[in-house]
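Respectively, the protein sequence lines represent chains A and B. Positions 1 to 349 (UniProt numbering) are the ones given, in order, by the first sequence. Positions 1 to 423 (UniProt numbering) are the ones given, in order, by the second sequence.
There are no misleading hints in this set.
Partial list, derived from the structure: chain B residues whose beta carbon lies under 10 Å from chain A:
1. Gly59
2. Gly79
3. Pro80
4. Asp82
5. Val90
6. Pro95
7. Asp100
8. Gly110
9. Arg111
10. Leu117
11. Arg119
12. Ala146
Selected chain B positions facing chain A (in silico; Cβ < 7 Å):
13. Ala81
14. Arg84
15. Thr96
16. Phe98
17. Pro99
18. Leu101
19. Met109
20. Gln112
21. Ile120
FRET-style restraints, in silico, Cβ to Cβ:
22. Val193/A <-> Ala177/B: 46 to 54 Å
23. Ile309/A <-> Arg268/B: 53 to 61 Å
24. Ser207/A <-> Arg268/B: 52 to 60 Å
25. Arg115/B <-> Ala160/A: 49 to 57 Å
26. Ala160/A <-> Ala85/B: 50 to 58 Å
27. Ala177/B <-> Ser157/A: 55 to 63 Å
28. Leu135/A <-> Pro113/B: 29 to 37 Å
29. Ser207/A <-> Asp71/B: 30 to 38 Å
30. Arg118/B <-> Ile184/A: 28 to 36 Å
31. Glu257/B <-> Leu141/A: 58 to 66 Å
32. Trp158/A <-> Arg118/B: 36 to 44 Å
33. Gly120/A <-> Ala177/B: 49 to 57 Å
34. Ala397/B <-> Ser157/A: 38 to 46 Å
Read the hints as simulated data drawn from the structure, not as lab findings. Note that the Cβ used here is the ideal one computed from N, Cα and C, for glycine as well.
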Amino acid sequence: MTTTTRAAAPPPPTRARGDVRGARRLFVVRELGIALALVLLVAVTAVYNPRFLNAQSRKDLMLGATILVVLAVGQAIVVITRNVDLSVGSVLGLSAFATGKLFVALPDAPIVLAFLAGIGIGLLCGAVNGALIALARVPALVVTLGTLYVFRGIDYSWAAGQQINAADMPGGFKRLGTQTLLGIPVLALFAIVVLLIAGFYLRSYRSGRELYAIGSDPAAARLSGIRVGWRVFTAMTVCGGLAGLAGVLYAARFGTLDAAAGTGIELNVVAAVVVGGVAIFGGSGSVYGAALGAVLLSTIGSALPVLRIDPFWQQAVVGALILAAIGLDRALTARIASRLRGRREVRGA
Amino acid sequence: MPERPEHPAALLALSGVRKSFGAVQALVDGRLELRAGEVHALVGENGAGKSTLVKVLAGVHAPDEGVVALDGEPVFFGGPADARAAGIAVIYQEPTLFPDLSVAENIFMGRQPLRSLRRIDSAAMRERTSELFARLGVRLDPDRPARGLSIADQQLVEIAKAISFDARVLVMDEPTAALSGVEVERLFAVVRSLREAGAAVLFISHRFDEVFALCQRVTVMRDGRWVSTDPTEDLTVGLVVRRMVGREVSQLFPKQETTAGDAVLRVRDLTRVGVFEKVSFDVRAGEIVALAGLVGAGRSEVVRAVFGVDRYDSGEVAVAGERLPRGRPSAAMAAGVALVPEDRRQQGLVMELSIERNATLTRRWSLSRLGLLGPRAEREDAHTWTGRLRVKAGHLADPVSTLSGGNQQKVVLAKWLSTTRRC
Numbered sequence: 001m002t003t004t005t006r007a008a009a010p011p012p013p014t015r016a017r018g019d020v021r022g023a024r025r026l027f028v029v030r031e032l033g034i035a036l037a038l039v040l041l042v043a044v045t046a047v048y049n050p051r052f053l054n055a056q057s058r059k060d061l062m063l064g065a066t067i068l069v070v071l072a073v074g075q076a077i078v079v080i081t082r083n084v085d086l087s088v089g090s091v092l093g094l095s096a097f098a099t100g101k102l103f104v105a106l107p108d109a110p111i112v113l114a115f116l117a118g119i120g121i122g123l124l125c126g127a128v129n130g131a132l133i134a135l136a137r138v139p140a141l142v143v144t145l146g147t148l149y150v151f152r153g154i155d156y157s158w159a160a161g162q163q164i165n166a167a168d169m170p171g172g173f174k175r176l177g178t179q180t181l182l183g184i185p186v187l188a189l190f191a192i193v194v195l196l197i198a199g200f201y202l203r204s205y206r207s208g209r210e211l212y213a214i215g216s217d218p219a220a221a222r223l224s225g226i227r228v229g230w231r232v233f234t235a236m237t238v239c240g241g242l243a244g245l246a247g248v249l250y251a252a253r254f255g256t257l258d259a260a261a262g263t264g265i266e267l268n269v270v271a272a273v274v275v276g277g278v279a280i281f282g283g284s285g286s287v288y289g290a291a292l293g294a295v296l297l298s299t300i301g302s303a304l305p306v307l308r309i310d311p312f313w314q315q316a317v318v319g320a321l322i323l324a325a326i327g328l329d330r331a332l333t334a335r336i337a338s339r340l341r342g343r344r345e346v347r348g349a
Numbered sequence: 001m002p003e004r005p006e007h008p009a010a011l012l013a014l015s016g017v018r019k020s021f022g023a024v025q026a027l028v029d030g031r032l033e034l035r036a037g038e039v040h041a042l043v044g045e046n047g048a049g050k051s052t053l054v055k056v057l058a059g060v061h062a063p064d065e066g067v068v069a070l071d072g073e074p075v076f077f078g079g080p081a082d083a084r085a086a087g088i089a090v091i092y093q094e095p096t097l098f099p100d101l102s103v104a105e106n107i108f109m110g111r112q113p114l115r116s117l118r119r120i121d122s123a124a125m126r127e128r129t130s131e132l133f134a135r136l137g138v139r140l141d142p143d144r145p146a147r148g149l150s151i152a153d154q155q156l157v158e159i160a161k162a163i164s165f166d167a168r169v170l171v172m173d174e175p176t177a178a179l180s181g182v183e184v185e186r187l188f189a190v191v192r193s194l195r196e197a198g199a200a201v202l203f204i205s206h207r208f209d210e211v212f213a214l215c216q217r218v219t220v221m222r223d224g225r226w227v228s229t230d231p232t233e234d235l236t237v238g239l240v241v242r243r244m245v246g247r248e249v250s251q252l253f254p255k256q257e258t259t260a261g262d263a264v265l266r267v268r269d270l271t272r273v274g275v276f277e278k279v280s281f282d283v284r285a286g287e288i289v290a291l292a293g294l295v296g297a298g299r300s301e302v303v304r305a306v307f308g309v310d311r312y313d314s315g316e317v318a319v320a321g322e323r324l325p326r327g328r329p330s331a332a333m334a335a336g337v338a339l340v341p342e343d344r345r346q347q348g349l350v351m352e353l354s355i356e357r358n359a360t361l362t363r364r365w366s367l368s369r370l371g372l373l374g375p376r377a378e379r380e381d382a383h384t385w386t387g388r389l390r391v392k393a394g395h396l397a398d399p400v401s402t403l404s405g406g407n408q409q410k411v412v413l414a415k416w417l418s419t420t421r422r423c
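In isolation and in its complexed conformation, chain B is listed as follows:
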């Protein structure tokens, strides 16, 4: 690792950044200072303004007030292209690949190597992609379309993209949310080598073990405001959590003593040929059961089959002794099963619908009168649950797509928790 001076100048600095979307103040006082050769963590509760800050950095949102400075000089990004030209690469929470285009094209879009007549040199593009993948230790075919890549592989493509234009600043917005342990380690190795090469990395994560393992400094945000920036060694998890929440939290995830009752969900020999085989487990009343495994081990597939979204070939699923018909989510719901899916945008929410409608979607029958759904019933019910889960929203009638990622997830939870289900 190259020597790092005690107080190197900031490579990229944000100060006093303010950004509102209509009535919602996403950022009130955004501050950040990234140094070359450091991995900097940005932590905060859902809706603290992390993603908005990232989008300001990326040139997606122009700040209403405040300054973005690169190498001490104030800069203005008119759009994502400007930020990229300045050497800022962003890996977003949601993948941003083009499914129909090849992996190589995804990496070099807009910057494809050229030959005579300004034509795209696809051979050179393929070769450079292979070089990038070799550097990252990835074996992906540059010619394959991005469609069908796992989330982990999609992230590797994004990283390859960032490396390909020698990004000085790499921003990663919750890159590990969808990754399994092995993949997280692989990602971290890449991040460390980038840092050693002198890049500044901004790392956003909700996992404190990762923050403490990887980052040199930590910036905490709360309610759109900067709270603190400290070297990691001066911090403890408890301290960071206290600053994030703004009050004392006795224990992060207090484990409650419970006595488990009878088996409520019984899964026996569940098999879907080529995907999973003879999966059996019980979930008892009052119990939380973890289903562990690598990405691709078939966890989500099993869960989807249990809920009835996917079919299975043999085996059985029973709730409270009653066997569930296969492939019928409505039957699973009637029996009291709820599913919070892994991909909220695709599977969990109807992005164009309002927050209240999304939150009450599972109970549109019980809330309706004579088959008609009145807005008041929806609003009152949604109000209760978004309140209990502290969803930060401007107005419940706004489309759910206007919420931050974490708050969207809360709406998915509200939708299912409100049904007071058995499992």
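Same shape as in the complex, but just chain A:
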């Protein structure tokens, strides 16, 4: 046996460096691709009808995307851990209605209090989801499908058919929905801040990277000493908190609230996240991609009427986008895998 000398000799390089970089670039391209689709959509629509890009319309586009972006950031954090939160729409509704109720009861309440209440309700709902998933070990899909109805039910029985009107809201709070800062609606700034914080956290912090590890292989994560249950609980709680924040933003934007606010939005959110390149089985993707996906979906919603396309087609377009995104992911994964897999490596090993 030619032990040590032989063994110490470096094996043939598994892959050239450039290829791996190339593989990484493909993922950046993934997000650029969505951005490009967005630019193209806006450009075509603007050529068709230049008013699509005037100041008011730009503001509407940003406002329209705000709530979906906030929800998509939360959802992306959860999906990265190989879970899902279907209850975000109901949490949004609950939080929005609570905000309205708060101002009806205390017309002089400071705006900060509304935010704290809304986010608090969201965190609580998220914690309920997280505890059921982490402690009772029930799959997130089932838990949040259940709480989707439970939270909405609480919302309905609390509202008891009552509607809160914009007139019940204090002026300062309503102005929040219309004010702009440097041309950007104040509400959209919330979404941008949330996005940047979440993106920074997931990229640069150990606990953020652990979320990716959990989604990539939960069993291996447990074996490497990651507190999987606790991390998933936190991710669900944060997602709930962001849904709560989205509820307050919803109240500020629309003013008129009933118990049905945000019904059905959870599927738009999941769609945005998937279109944005977050793998539905966890482990990869970014909140930036998810946010871009949200902006793209909400812009499609605004652009189709301008392009005089029957709004009924919107659903079909969104569906086609989801399928395209998944198809693209499969193709990219296959391509990266074949790039990374050296000839000497065993298939399926």
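Chain B: place on chain A using the hints.
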């Protein structure tokens, strides 16, 4: 090699460890004593409790009874993180990497180097990974994702991980099972240098040549119990086997004289562009043919193509003179070909299904009546085969994932042997 005293104190010791999973007593009396600067072998039949013992060491399972002592002090591991903090690194039978994350992140997960604001310092992480790889003589890009790494490279990443936190105890659960000769030598060189650096290495293997080449002491386990611990030089293969099995075994693998008949499987000029080229061989009745080669030489690919899981570009496969259509496993099965794949978790078993259902999966048509599959038919049939192969299981209705690795492999064998195939 640094001098080793005659009886150095145990670095890590387990005594009287007991662990049950429901009705299955995985460990009845687990004992182990690892010394610094030694490679210690743990051998035993499948289901002897080796992997459970490892998981107790790793903090994955808390023992029902018994003591784990580090440097003579009893310790309690609340989880894998505790064991790791105590300097115990485990390389499991099944790889435990995160396919979506980079190799560097895989190594430093949870321990990434930090810079200001407790942010991860990815440059430092990449650099330290490169240093580790240089030390191991590996050329892997720290930035590449773990997805697509060969089993051998995955193991090297695991070893790099163990070295990165200066593990005092390194546990390797059948690390060589998927490696070829050259890779095994490379792994052994690393293990020897770790031992010389004063680490205690626990080495679990079914290959006696490796055990005798690498290890200083050998602990034998049987049916969840400690049997013996002896220096390697006092042992022979025969003695170890006798203790493992608990009775006299005349010969380990008795070779039987047979006369080979006609060629049953004929493979001619099988080619898949870029993977293998013009592979031809015959397998005759009553014959065992070995397909040898390094990892990545294309052995598994050829076999998969023969069975019809993968397609091939040209050439032909014939069973008993009948040509098999390419890419159709069902046709291969009908012709009497069985495939026991290399990766049982991914390719051999449906982990969530019961033992009996897995064992009878290949015959669900012949066992059914009027197209309906009754539980009794499955159970009786599974009972026969798991009995013949001595699968150690609590209950045949339990999911196959509850079995130990070796017993899972037996179920894969049962599934195919029971079809009484031609090749």
